[in-house]
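Using the hints provided, position chains B, C and D relative to the given structure of chain A.
First to last, the sequence lines map onto chains A, B, C and D.
Per the numbering used here, residue 2 is the first one in the first sequence, and the count goes up by one each step.
Per the numbering used here, residue 1350 is the first one in the second sequence, and the count goes up by one each step.
Per the numbering used here, residue 29 is the first one in the third sequence, and the count goes up by one each step.
Per the numbering used here, residue 22 is the first one in the fourth sequence, and the count goes up by one each step.
The set of hints was computed from the structure by calculation and includes no laboratory data.
Predicted model, so just to flag it, every value in this text is computed and none were measured.
In this text, a Cβ means the ideal position worked out from N, Cα and C, and glycines have one as well.
One or more of the hints may lead you astray.
[As the list claims (entries may be wrong)] Under 10 Å between C-beta atoms, here's a sample of chain D residues computed to sit facing chain A:
hint	residue
1	Thr160
2	Trp168
3	Leu171
4	Thr176
5	Gly189
6	Tyr190
7	Ser214
So you can see what is in the structure, the chains are spelled out below.
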Amino acid sequence: MSGTLNLLIGLAMGLNLLALGSSRLPSLIRAMSVQGMVLGLMPVLMEYDSLNWQVLAVTLATMVGKGVLIPNLLRRAMRAANIEREIQPFIGFIPSLLLGAGGTIAAMALARHLPLLPEHSGMLLVPGAIASVLTGFILLIGRAKAISQVCGYLILENGIYLFGLLLIHSTPLLVESGILLDITVGVFVIGIIVDRIQRAFDSLDTRKLTTLRE
Amino acid sequence: MIVIDLILRLAFWLLLAPLLPGIINKVKAWVAGRRGPPVLQLYYDLAKLWRRGVVLSNLASPAFIAGPAIGWMALTLAAMLMPLGPAGSALSFRGDVLLLIYLLALARFCTAWAAMETGSAFEGMGAAREVSYAVLAEAAIIAAVLSLSVQTGSVSLATMLSPSAGAGAVLLAAGLFVVLLAENCRVPFDDPNTHLELTMIHEAMVLDHSGPPLAAILHGASIKLLLFSALLVQAVFPMGDLEPLAAAGTLAAGVLLVTLAVGLVESLLARLAFRHVPLLLTTAFLLCLFALLVAWKGGAQ
Amino acid sequence: MTPGQLLLIAFGSLAISIAIGFRMSRTWLILTLIGTISGLGAALRVLLLGENWAWENGFREHAFRLGGESLHLRLDGLSALFLVLVSVVGGAGAIYSREYWSDHHYPSSAPRGRAWWSVLLLSMGLLLMISNGLHFLIAWEIFAISGYFLIMLDNQRAAVRSAGWLYLAASHAGTMCLFAFFAALAANTGSWELGPMRDHPELAPLFWLALFGFGMKAGFFPLHIWLPSAHANAPSHVSAIMSGVAIKMGLYGIVRFSGWLPVPAAAGWVVITLGAISALLGITFAFAQNDFKRLLAYCSVENMGIIMIGVGGALLAVSHGDAPWGQLAIAGALLHVWNHGAFKSLLFFGAGSVLHATGTKDMSRLGGLWRAMPWTAGLFTLGALAVSGLPPLNGFISEWLVYLGLFDAVTSKASFAWVAMPAVIMLAMAGALAAASFAKAGAMIFLGAPRTKPAARAHECGIGMRGPMVALACVCAAIGLMPVLFWPAVSRAVGSWYPAWSALEMPVPLFTLGKVHVLLAIVLSFVAWGLWRKARANGLRRGMTWDCGYAAPTARMQYTSASFAGIVSGWFRWALQPERQTRKPHGYFPSTAMRLERIPETVLERIIGPISVLVMKVSTGVRSLQHGRLQFYILYIVVGLVALGIFVVLGGAP
Amino acid sequence: MNPLVLIFVPLAGALLAALWPSDRTRPWLLPVVSLVHTVLVCWLFIHPPPVTPGMWLGFDPLARAVLPVVSILFLVCAAYAVPYLKIRSERPNRVFVALLLAILGLLSAGHQARHLGLLWIATEAVTLAAVPLLHFNSTPRAFEATWKYLLVGGTGIALSLLGSFCLGYASLHGGGVGDLTFTALTAQGAGLSRPWVLTAWVLLLVGYGTKMGLAPMHTWKPDSYGEAPGIVGAILAGAVTTVAFTAILRVRSVIGAAGEGVVADRTLLVIGLFSMLVAALFLLGTRDFKRMLAYSSVEHMGILSIGAALGGAGVAAALFHVWGNALTKGALFLSAGNIRRAAGSPSMDNVRGMSIITPRSAAIFVTGMFAVTACPPFGPFFSELQILRAALTPGHSHKIAAAVFLGCLLLAFFGLTRIVFGIVDGRPRTAVRENGKRFVETTAVIAPPLILLALSLWLGLFTPQILREAWQDVVAQLFPAS
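Chain A with its partners taken away, still in its complex shape (with noise of 0.2 Å):
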């Protein structure tokens, strides 16, 4: 089974190169849209064997909150904003996809160093986690708006989902869910404040967001 899930890893670290590459946002939102739900499916192919309505339930909520919810939330006010690419990043969009790339080597190097249990041993779970969190951080670092901000922090809390599923057999789901909750919050607040921010500086380029400084 672990072959459909690296498979799946694999898709997700592709759509992370994607999200990086792309300098349109709608596209940059459905490709962490379209990761999120990906991610997903997985417990289900975890835990196949094993199944209960604690994981289909988490699954679903996880697919609806990251691949329905959260894209909307971002595609409107993408909308307010009328904004559509994102111009002149932080960092090109070619050194960015280079960055991701090496960081996923970098990530498939450095996951060789952590020992992981026999079940665990095939999968690119690890890898994966990594190489989707420094994505993250990328987007994170290197765009100006603050909806591909939004984007990269959600690619983050991809790739830590993608390591909390190390641990979703041994741990409670009450872990899980509880960090379902904790992004969907959050991100209805992000949301809140972009749209806010939105209002106040009638733009979403943080490159205004200057003037608390020393």
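Same frame as chain A, but now just chains B, C and D:
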């Protein structure tokens, strides 16, 4: 007994001191081939001044007169502490040498204070010079005293001055002689005869004095001269192990010698330019310092 | 009454007077006087009857503790010696302040001033008795901060504010060292309790911490940076207690802990050297000043130097087998603590009344004040004579003792005693310079003709300010003329500093010296009076200053303070680094010419200044990292993460 | 009594506040609820309930040692909030009050959490709940500050989550059954897999360090403290940072059990000293007296982590410092709020002579400044001196660390005095004198900071023995070795 001793001493210092300037002047006249003023000239002057009235500057306070008086008496009491060969001193105790030095300082302070009383620029200048050069002079004197007490292992004049001369005697002699010239405002530091006030230290300070206060100042100066020459002589000449009479003779001869030397210096040397004065004083200080080091090393072996 | 009761009264009344001070100045004065007098009583009982007093709170465990430490007070000879100073100057200053800083002139700050004054006295008193590290630090800090607020009484003036801040900063730097000192002490001994612990050789290095921490307050040479401006800008009664007493607290710390703890071998030399340097350079700076309060402040640096020389000599003697000359040195130093306290407060009070009368601190705008304010002039002159260490006043006695100690050190020819020779010479030069400085100060302020209008319109200060000055002058005279009476106290203090030297017999010459001084006083005054009579008898004619016959002298032709000090400040140019501005006269009909000379705070402006500029540069550089760009903030997190990761992977090896 | 009430009472209060009709009376819920909370906490403090190992939530020694001060600080701030919200009547306060109460509940949860995941959830919930409080003023500056707070804080939170997973996996890899309660993890001890434990430590330290505001993760602090109302600043600096600190302490105990205590202590020491240094350098130059408080808070977080790094006595001293810092900072923030309101600007460039305009607040501000710079006899002095003493203990003495520590304290003192006296002394700007609606120093706005200051003084001089014992219990429980 003590009272008589005191009175004699007082008489000695008060009466004998004014002789020295007279001798110096005589020597200068002799070198210059003049007849010059009588040896007792200063006595006449003092007597005359003592009878004269006083002109007091409008600005001056009573301290204008108190200053000279205190300076005069401070010097006299300092003289009381100075041992006279076999006769010793009126009063001798550990650390009396410090009292002596500080009495001189007191005299200086009072003179300078009185000088500033009139608000005259000249006297201000004189006072400034006096107190400034005193800094180096003090250093030299204390170094000399230190070397003496290192030699003799004592801090009281009576025992410091009596024993035989130490290794650094020559250095000490030279150093103390320069200090003597400086402290008594003789050439090459100062010229008691000239009346170009700008070039003077001591004379410039007493420009406005007159009558008895001036007399006190002049007399005090002569006592100071005698005091220093006595110090110099006893610091250098070995007279601890002489017969009392011989010792007294040596002392008298030594003082006379010093006076002659001062006179000769005055007639042969010209005044130094002011910017050279500190240099000469520093030299004196260094001489005394070397004397001190010699004494220290000498003891160490 | 026992010392305990007296101290209870003292602290009680002072504590009440803090609250009272805001309202009723008369009641405050009475309470403060009660407090100081009973404090003085307790101290004298300890000093004269030798009944050391100690109190540990007898309450139950955990019942009444401050910061988890039970209270422990002790009043031994050394503390008592300093307590006397606190009480005398504290009381005198309280009286003085009532007229000098009156509600009438300073309605807003006078009440504050009274309250802080009481706090200052209270904290200093406690400081001297506490023998617990934690409580010592508390008292120390309260003392420092109350001093700050007293300096800042007139905080509307920018000069005062910067001076106050400098004081606070320097004082806190010292306090940080004391934090380290007491913390290390507690860490080594396992308790905050203080007391004799000479038997812990491992504690010796802590002496350096104490030397720096307390030295910052004592203000000897390289650490004096805060002192001149603070003492010059504070109200004069505050300057008096700051200069006369507060800096002695730093000295108390050094003496106390060099007595209780073992000291490193080099301590004696270092302390003597520091003392000699601050004696000479301190007084050099003093001589060069034009602001007479600054002059007095720098003179305090000199006097601390003298005291340090004495202490250093004693330390040297102790570390080389209790050479007896150490006793003279420390005795002289401790007596000088009193003397300096007395004449320096007297001088600052005098300076205060001059300031009060003319409103300027610049000597070259004063002159001829003796006519308007004879009392101040006379008392200031007496103080000047005393501070110059001239017989027959008190300054000479203590300096004489220190000299004697050093001379004995030299004559002992012990190889380690060589350091005494340069010390003696520098001490002598310092003495000469002190005489010069105060001849200048007195002359510029009181003699000659008034240089400006305010100086001409000056008026004598009232009885409220004159009284304390007279009292302090009497103290100076008393110590000068009857040193023998004060010896037992000093020897008691020496005994409690170093038990091996308790029951210290009086050096015989002191008695003689006392007699000589009395004789001197009589003769001098008699002759002065006689000469005056004689002059009167011969006919006293008032006239214009002759001045070589110049017919129209003006006040501006007088020698000024800068020109008076010109020669010496030329010699010490390397240390003073004077900044001169000159406009030479030229042409056949010369127009206006001028020459300004300013003596900078060399250490502060030439050393500390550049360093602080550098630090501020670094700070500005670092602050530019907070530039408001979120992306970089997140980058910082990543960087921090990576750095910590590497650090951990390296096993946290530094 | 079940410690859960500490969580549910405030949350219920929050709900009530959310439903409460009137803006005018709603603020009174704050003091009422938090008074109940304080009473409950004190009761629990005196009669601590038994803590069974398996519990996810419990009033354990650490909670017992810290929660009271959080509750007290909150109570005083709540009392201050009533007059404050009256002054700010132009702003609707439904969200404000509700979320403040929610935060109290979540804080109680965070302090009592004995489960890695639960702890994380509580912390994140607090972070998110604080967001609307930050932009209460709803100025563009406030939004900008909030945005930065949200993203920087969020990143930190994400990292701490990752860290928690790593720790969980460490236990799993060590043969654990995936029980993430701290008791279980500590019990597993050396069984935890070393690489995962170290990874977890780094991630958790950075993550919770971001919440604490350790440099270089402190960047959100000055912005949000500078823009938020004084009361929010007080709660953030005094109470919220504390949760992060206790979290680090709990994790540190696990790491210690895993045998990596030395490394952990070194990292704590380094990051603590670094934070102090950075804070000191910022304090030297900053010109805004609310941002100044933020940097001072960064410095004190550094002090806390240094204390934690010294183990044993150091940890006890650090807990002491938590108390002292919370109370003193509270006083500073509240009085600074008053001054800010009266002066109309937070920058020392145009504020001056506040001792004349707002004498009482200025006096409190100055005293608080002395207290927070470790001037005796206030709380922080004693705690910092104990930390210093711990650092100089002959056995494992950190002389250099102590020197840096003192140097930073000194620089910080320079910076603070410069700003504080700069705005307090001198002649007031006439503009400030004549500004239209004068801020009046009513007792209601003066008493709370005064009380906090008094508490800090009392804490320093007469530290109750029971408190010392509470702190010692924490040391005994978390660091059995030392």
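Practice task
Give me the numbers of the hints this structure contradicts, sorted from smallest to largest.
Solution key: Nothing - there is no hint that the structure violates, so all of them hold.
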